[in-house]
Amino acid sequence: MHRFANPARFLRLSRAIQPWILAVTVPCLLAGLYLGLVESPIDYQQKDTVRIMYVHVPAAWMAMFGYSSLAIASAIGLIWKHPLADLAGKAAAPIGAGFTIIALATGSLWGKPTWGTWWVWDARLTSVVVLLFLYLGYMALWNAFEQPQRAARAASILALVGIVNLPIIKFSVDWWNTLHQPASISRIGTPAIDPAMLRPLLLMGVAYLGLFLLLLLLRMRVELAERRVMALQLARSRDGEPS
Amino acid sequence: MNGFWAILGRDLALARAESGGALLAVQFFALGILLFPLGLGPEPGMLSRLGGGLLAVMALLATLLALDRLFQQDHEDGTLDLLLTSPAPLWSIVLGKAVAHWLITGAPMLLAAPLLGVLLQMSWPAIGGLVVALALGTPTLSLVGAVGAALTIGTRRGGVLLALLVLPLYIPVLIFMSGTVTAAETGLAFGGHVSILGAIMLLSLVLTPWAAAVALRQVGD
Amino acid sequence: MAEFFDMGGYAAYIWPAYGIAAGVIACLFIWSWRGLKKAEQAEAALGKRPRRRSARVERA
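Protein chains in written order, with the working numbering: chain A, 72 to 314; chain B, 52 to 272; chain C, 3 to 62.
If you are wondering where the hints come from, they were derived from the structure by calculation, not from laboratory data. The structure presented is a predicted model; accordingly, all values stated were derived computationally and were not measured. For each residue, glycine too, the CB sits at the ideal point set by N, CA and C. Hints should not be assumed to be uniformly reliable.
Unchecked claim - Straight line, CA to CA, 30 Å or less: simulated DSSO-like cross-link-like pairs of lysine-lysine:
no.	chain 1	residue 1	chain 2	residue 2
1	A	Lys241	A	Lys183
2	A	Lys152	C	Lys39
3	A	Lys152	C	Lys40
4	A	Lys118	A	Lys183
To be verified - Derived CB-CB ranges, DEER-like:
no.	chain 1	residue 1	chain 2	residue 2	range
5	B	Val211	A	Thr188	42 to 52 Å
6	B	Arg208	C	Asp8	43 to 53 Å
7	A	Glu110	B	Leu89	32 to 42 Å
8	A	Gln89	C	Pro18	54 to 64 Å
9	B	Leu256	A	Trp192	43 to 53 Å
10	A	Asn77	B	Leu239	49 to 59 Å
11	A	Arg80	B	Val211	32 to 42 Å
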């Protein structure tokens with residue numbers, strides 16, 4: 072029964088901290104949106120399009136944060152065979168993939184007016200696309216097995232292989248980019264960012280992190296509930312009763 | 052190391068017994084390359100410029116062909132359970148499997164590549180660079196592929212899933228293989244790219260048999 | 003107000019970007035919430051005729 076004691080404590084804990092995360096996220100989100108859309112100055116080169124930064128850059132942060140937390144959860148699940156860690160990894164994947172999609176789509180919408188094209192084979196964009204496929208592969212592997220235990224093990228190993236590979240992929244894509252990319256398209260300088268722009272950016276970063284955590288807790292509850300349904304069905308069929 | 056040699060010999064013998072089957076990957080490699088001039092047009096300048104990249108991409112895809120059977124067949128006929136209980140270390144078995152896979156798919160591609168390079172009107176230095184790049188790159192593809200194959204044992208639609216898992220991990224090899232060809236073609240020193248390809252190969256030689264062994268052990272549980 | 007929504011002529015890029023971000027996050031929340039409700043309903047349906055063993059699992 073000790074396996075079930077843990078989820079119960081987790082559910083209590085998650086119910087206790089949810090209001091606190093919400094209390095931080097909502098004001099940060101509102102303030103970030105207000106400062107970002109209204110108060111923050113326009114960039115002298117990018118004009119108003121710089122406002123896309125406030126939804127784009129934090130999404131890219133969350134895409135990376137999601138994959139690292141997925142890998143950490145996988146390591147914990149593999150080493151200590153902690154069932155909650157396996158579920159945390161499974162729960163984090165679609166959220167991380169969602170933020171990766173946001174980063175790609177908003178980046179594309181930012182690229183059109185500033186670079187004049189929806190897509191450039193920029194090193195950063197390319198690595199983010201690869202990251203999306205790492206997420207998709209992880210999710211596909213989870214769904215490919217009948218038994219959840221085997222799926223958890225296989226997906227965890229894949230996540231760890233992926234996190235070892237990620238720096239190598241990043242390095243190779245950077246190198247490839249400098250080889251093939253005319254330098255002129257790289258983002259218009261990277262001057263020290265104006266504090267009036269940094270403030271909404273950081274606020275949105277905190278808000279995105281809060282949303283990520285809220286989604287993670289919610290998805291873990293979904294996974295736990297589905298696990299309980301499976302256990303119930305199993306128990307019923309074992310008792311020889313039609314379910 | 053006994054496990055390594057035993058598995059290597061067994062897999063090669065099995066491939067030979069299948070006769071024609073063993074060379075399917077290299078046939079796919081050649082056929083794929085022949086499709087590009089038909090799709091892109093026979094313009095000589097363009098083909099020789101694209102040749103290195105096309106051959107590198109086709110090498111990635113052809114490697115995938117035989118991968119999904121690497122452990123799947125042994126899993127289905129029960130050999131894998133015997134291997135898991137054998138006293139030989141599991142990593143040596145994985146290594147034997149990966150080397151056998153390379154000898155069956157990578158090595159024939161290495162031999163076919165210069166010929167295909169000539170057909171694509173690539174320059175001699177570029178063909179030389181290509182052979183070096185494939186020699187150092189394709190073993191990595193087999194090694195990393197072995198991890199993917201071990202992870203997808205017993206899954207439905209294993210082959211497509213395997214491609215989805217493994218191809219993103221192949222990106223660095225692809226980039227440095229085609230980089231080697233480009234550098235060789237333009238007369239630049241390509242030692243740097245070659246050393247990176249070699250480093251990636253050594254790294255995967257150390258890490259992947261171990262990772263695949265961890266994955267295989269899950270099958271037995 | 004119209005000036006604000008015009009975004010210096012870049013409305014066609016800025017509002018879709020904010021819309022996509024909001025849309026994807028909202029979809030994640032709705033999808034997860036529906037999954038939770040569905041699983042809880044299935045759990046309740048299974049637990050209606052509780053036998054001792056299932057009841058114990060359910061409490062956890």
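Hint-by-hint comparison with the structure:
1. Lys241(A) / Lys183(A): holds, 24 Å
2. Lys152(A) / Lys39(C): Within the cut-off at roughly 28 Å; holds.
3. Lys152(A) / Lys40(C): Judged against 30 Å, a Cα distance of about 28 Å means the pair holds.
4. Lys118(A) / Lys183(A): holds, 13 Å
5. Val211(B) / Thr188(A): 42 to 52 Å: Violated - the Cβ-Cβ distance for Val211(B) and Thr188(A), about 32 Å, lies outside 42 to 52 Å.
6. Arg208(B) / Asp8(C): 43 to 53 Å: Hint holds: Cβ distance 50 Å, inside 43 to 53 Å.
7. Glu110(A) / Leu89(B): 32 to 42 Å: Since Glu110(A) and Leu89(B) have Cβ atoms about 58 Å apart, the given range 32 to 42 Å is violated.
8. Gln89(A) / Pro18(C): 54 to 64 Å: For Pro18(C) against Gln89(A), whose Cβ atoms are near 31 Å apart, the range 54 to 64 Å is violated.
9. Leu256(B) / Trp192(A): 43 to 53 Å: violated, 31 Å
10. Asn77(A) / Leu239(B): 49 to 59 Å: For Asn77(A) and Leu239(B) the Cβ distance comes to about 58 Å; the hint holds.
11. Arg80(A) / Val211(B): 32 to 42 Å: holds, 40 Å
In summary, the structure is inconsistent with hints 5, 7, 8, 9 from the numbered list given earlier, while agreeing with the others.
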